[in-house]
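*Asks:* Chains as they are written, first to last, in my numbering: chain A, 632 to 1127; chain B, 632 to 1127.
Hints are not guaranteed to be accurate.
Repeated chains share a single entry, so a pair holds when one copy, or any two copies, can fit it.
[Unchecked claim] Under the rule of at most 30 Å between Cα atoms (straight-line distance), these lysine-lysine pairs were calculated in the BS3-like manner: (1) 977 x 1049; (2) 977 x 840; (3) 755 x 840; (4) 1056 x 977; (5) 977 x 1078; (6) 977 x 957; (7) 837 x 855; (8) 1078 x 1056.
What the hints contain is simulated information worked out from the structure, not anything from laboratory work.
Residues per chain are reported as follows:
Number of protein chains: 2
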Amino acid sequence: MAKTKQKKPQRPRAATPRGFRDYFGAEVTRRADMLRTITGIYHQYGFDPLESSAVETVEALGKFLPDVDRPNEGVFAWQDEDESWMALRYDLTAPLARVYAQHRNDLPTPYRRYAVGPVWRNEKPGPGRFRQFYQCDADTVGTPTVAADAEICAMLADVLEAVGIARGDYIVRVNNRKVLNGLLDNLFGSEAGEGLRDGVLRTVDKFDKVGEQGVRDLLGPGRKDASGAFIDGLGLSSHQADVIISFLLARGESNAATISNLREVVGTSGIGADGVSELEQIAEMAEAQGYGPDRIVIDPSVVRGLGYYTGPVYEAELTFEITDEKGRPRQFGSVAGGGRYDDLVKRFTGQEVPATGVSIGVDRLLAALEAKGRTSAEAQGPVVVTVMDRDRVADYQQMVGELRAAGVRAELYLGNPKDMGRQLKYADQRNAPVAVIQGGDELAAGKVQIKDLALGARLAADIQTNEEWKAQPAQMEIERADLVAQVRAMIQRANA
Amino acid sequence: MAKTKQKKPQRPRAATPRGFRDYFGAEVTRRADMLRTITGIYHQYGFDPLESSAVETVEALGKFLPDVDRPNEGVFAWQDEDESWMALRYDLTAPLARVYAQHRNDLPTPYRRYAVGPVWRNEKPGPGRFRQFYQCDADTVGTPTVAADAEICAMLADVLEAVGIARGDYIVRVNNRKVLNGLLDNLFGSEAGEGLRDGVLRTVDKFDKVGEQGVRDLLGPGRKDASGAFIDGLGLSSHQADVIISFLLARGESNAATISNLREVVGTSGIGADGVSELEQIAEMAEAQGYGPDRIVIDPSVVRGLGYYTGPVYEAELTFEITDEKGRPRQFGSVAGGGRYDDLVKRFTGQEVPATGVSIGVDRLLAALEAKGRTSAEAQGPVVVTVMDRDRVADYQQMVGELRAAGVRAELYLGNPKDMGRQLKYADQRNAPVAVIQGGDELAAGKVQIKDLALGARLAADIQTNEEWKAQPAQMEIERADLVAQVRAMIQRANA
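Bound-form chain A, shown alone:
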C-alpha cells in the first residue's frame, strides 16, 4: 500500500456558517418547553400536528417570500442529481399548501393543522437576525367562514397567556385586506393593477416604522430615509394619500366606532363592505366568547406585508415596554401574525381552497418572556459524584446508579481526577446542586461527604456570621446508607 501521509492539510475552521448559531442547555429546553405549551393549546383547539420535510421543490415553494424589499431575499437552493431544483423551506405556510394539495383526499375538510420547526432564509445576516429560526404555526384549510379567523385570534390570545404573557400585556389586532382593496377600487377604479396594490401595501405596512408623515411621503413624492438616501414615492395625489391615511387611522374608541369609520372609508365598494362586515362578525364572535377589545381589537393600521393575504389579517403585539440596546424604552412589538390566504392551494389544484392561519415568531416570543423574567428557571445541573480514589470508580458509579434509580439527576466525574479542586470547579460549572465525596477515611467509617454547592456559593458571596455558617453547614458527613435520602433533602433545601 502506498503511504497516505503527505503534506499536512490545512485545518478546517471551527465556525458556523455566517448567520447561523448554536443553542446550548437551557436555551434549548426553554424553547422546547414553550413550544410544548403552545402546541398544547393548538391541540386543545382540535388542531393536528403535521411535520413536512425541510426540503421542498423550488416550484412548490413558489415566490411568496415576505421580504421583497430586501436585496438578499431568497431561499437556500440547489440542484438534485436529476437537475430539478430543491430548496430549504422559508416558512411553514408554503409547505402546508403543497401538503394539502397533495393529500387533500385523505385529509378532513376543514383541516386544522399545527406545525413547529426551523425555517431558513437566504438573507444578509445581521445582529440578532439569523438565517435559521423557529416558527410555530396553526392554520385552518378548507373553510371560508370567518369563524375560523375568529377562532385563531382567540387561540392566539390563549397561547400568549399560557406561555406567561399577562392579560393587558398583549393585544391581538385584526384588520381585513378586503377593506383596503375596496378603498383602492374606489380611488383608482379598474386601473389599480397588482403592482400599484402591492406598492400601497408595502408602504402602509411601514406605518409603525415611519409614522403618518412617512407613509404620506412614500405614497406621494418619496422621502429621504435615515441614511439620507432618497426613496422614490408611489406618486399618488395628496387626496389619494389622505384617503389611505384616513383608513390607517380609522380605529375608534370601540370596535363599533371603528366599524362605523370603516364603512365611511369604503363607501360604495362591494368588496370593501364585505370586508367591514367580516370584521364586524369577528369582533362579535370574539366578544361573545369573552375576548373583549382589551384582547382582540379591530385596528385598520395592521396591514401585514405579505401579498398573498386575501381577507382578515391579524397580529399579536406585546404592549409592555422594554429597554432597547440604546437604553431607550420602547414597546416590545409584534410576536405573531397571520391572516386569510385563499389562493395558495389553488396554485397547485386550480380550485379555490380558502385558508387562514397564524405564525408565531418563537425566538421573539422567547426573548419577550426573558425580558419579563417569565422563562423557566436555569436548568439545575446533576449531582456530581467525585473521584477521590481512582481505583474505586466502580464504588462511585454505584452511588451514581443509586441516585439515578431514585430519580435524582446524577453523574460521575469523568475528567482527570488528579485534584479535588478541579472536580469541584467542574461541579460548579455544571450548576450542580450537590457534590458527593468519599475518600479512604470515609470509606473505612462507612461515611460519605456531601457538599451543598448552591449554599456554598451563597455563603461565599454573603457576609455571614460564624453562627449562621455553623447552623447551615455547606458540607456534611453522612452515613453511606443514607446517601440518596440526604442528597435529596439537600437539593430540596437548596430549592426551597
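Based on the hints, put chain B in the right spot on chain A.
*Replies:* This is chain B only, laid out in the frame that chain A set:
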C-alpha cells in the same frame, strides 16, 4: 398600469422532492413522545442539550460519511453568496466536533451533550429509505476513560427499556476497534496502510449480511453478490482470512471466555492487548452496576463501518423476531450504535480530544415499537360541536369554549353545515369521541344531544340485541347546563 394577466402559467406539482415525506398526526406525536422519553434518560445521566444549526460549512463537515460504498453518498451542498460552500448536516457527530472545537473554552470538560434532530443524506432514495430522518445522540467529549463508554452502554439499555423494549428483547453488544487493529498489526506488520484497514473494516462489517463464508470470500478472492455481479475481494491469504474470521467468532459463553479468546487472537500486539483490557473494564463496570451479559455483552462481531472509530464500538440490537415484507421471520436488528472517536475534534484544533457517543436511529426504533404494539394509542380526536342552525354559530362556539375551558379537547365544525350526515362523517374522520348536536327543539327545551361516536361505531360493527342497544344508547339527550359533565362522562366511558 399594464394588464398582468397573460398566458396561464403551468401549475406546480404538489409533491415532496424524491426521497422526502410528510408526517401526520400520531406519527408526529409518537415520535415526539419517544424523543421526550429518550432525552429524559439522557438528562437523568447528566447530559445537556445542544442544538446546532442544520447548515454547516462543507469544510467543517469533512468527509466522514458512513456509506462510502454507495455510489450516491454525499451531502446536500450549495454555495453561499461569498462563494463558500455550505451543506446540510448528515449526522449529529460532525457538528458536535465543530461545536466543541469552537466553544471549548466555555464548555465543561468533560462535556456530556445530547442532541435531537433531522439529518440529511444525498443518497438515492429507496423503499423505506428517506433522505431526511431523525437522530438522537448522546456523546461525552474530553475524556479518555472507558467509564464514559460503559456509561453510554448502560444508558442505552435504560433508554430502550424506558421507551418500551422489554429486558430480553434487546442486547447492547460491545467491541473494540483496537483489538482489530492489533490483529491487523500482527497479520500485516507496518505494511497495513489505511486503505487495507478500511477494506477489512468494511468487509467484516458485512458479517451480519453475508455470513462467515461471504466475509471469507470478500477478504480473499471475491464473490458474486445476489444480483450475480462479481465483487472483487481484498486478496488476503486463506490464513489471514482465518485469523480475521476467528476474531469475529471469538464470542464465548461468557464475557470472561470472550476476553480470553481475544487475548489469544491479538497475541503480542500492544494495541490489541490495550483493546482487550478496555473491553474487560467495560464488562466489569457494566456488571458492577447490574448490567449483566443479558444486557451488555462483549461481541467481537460488532464492527461499525465508520472509519473514524478509534476504540470501543457498541451497537444496540433488538432480538425479537418480526415478519419481513416477504412474510419470513427475521430478527429486528440494530437500532442504535456508536463508539469512541478520538480524532474528530483534532481535525480543527490539532489537539487530541477523546470522545465517545451513541446515535439512536429514531425511525427504526419507532418502527420496532410499532411492531411490538408499544406505541402510544392513536391520538383521540376532539369533541366536535356540530352546526344544526347556521345562524346560531355563537351558541355553538360558546359550547366549544366551555368544553375547552374544562380541559376537554373540542372544536366547532367549520365546514359547510348543510347536512348533519356530512358533519358526523367529519367527526368520525377526526376520530372524535363525542359529537354535540343542538337543533331548535333542543334549544327551546334547554337540552342538547350528545352522541358517543366510538360506541356508535362498535354498535354498528357488532351484532347486538335490541336490549343491549337500549342499555347502552350511543346518543342521549341531556340538559344544556350539564354539557361539560356529561361529555366528560361519555369520554371516560368510551376510554374505559
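*Asks:* Indicate, hint by hint, whether the structure satisfies it.
*Replies:* Evaluation of the provided hints:
no.	hint	verdict
1	977 x 1049	between (68 Å within a copy, 24 Å between copies)
2	977 x 840	neither (34 Å within a copy, 49 Å between copies)
3	755 x 840	within (20 Å within a copy, 49 Å between copies)
4	1056 x 977	between (61 Å within a copy, 25 Å between copies)
5	977 x 1078	neither (74 Å within a copy, 42 Å between copies)
6	977 x 957	neither (46 Å within a copy, 41 Å between copies)
7	837 x 855	within (14 Å within a copy, 69 Å between copies)
8	1078 x 1056	within (23 Å within a copy, 68 Å between copies)
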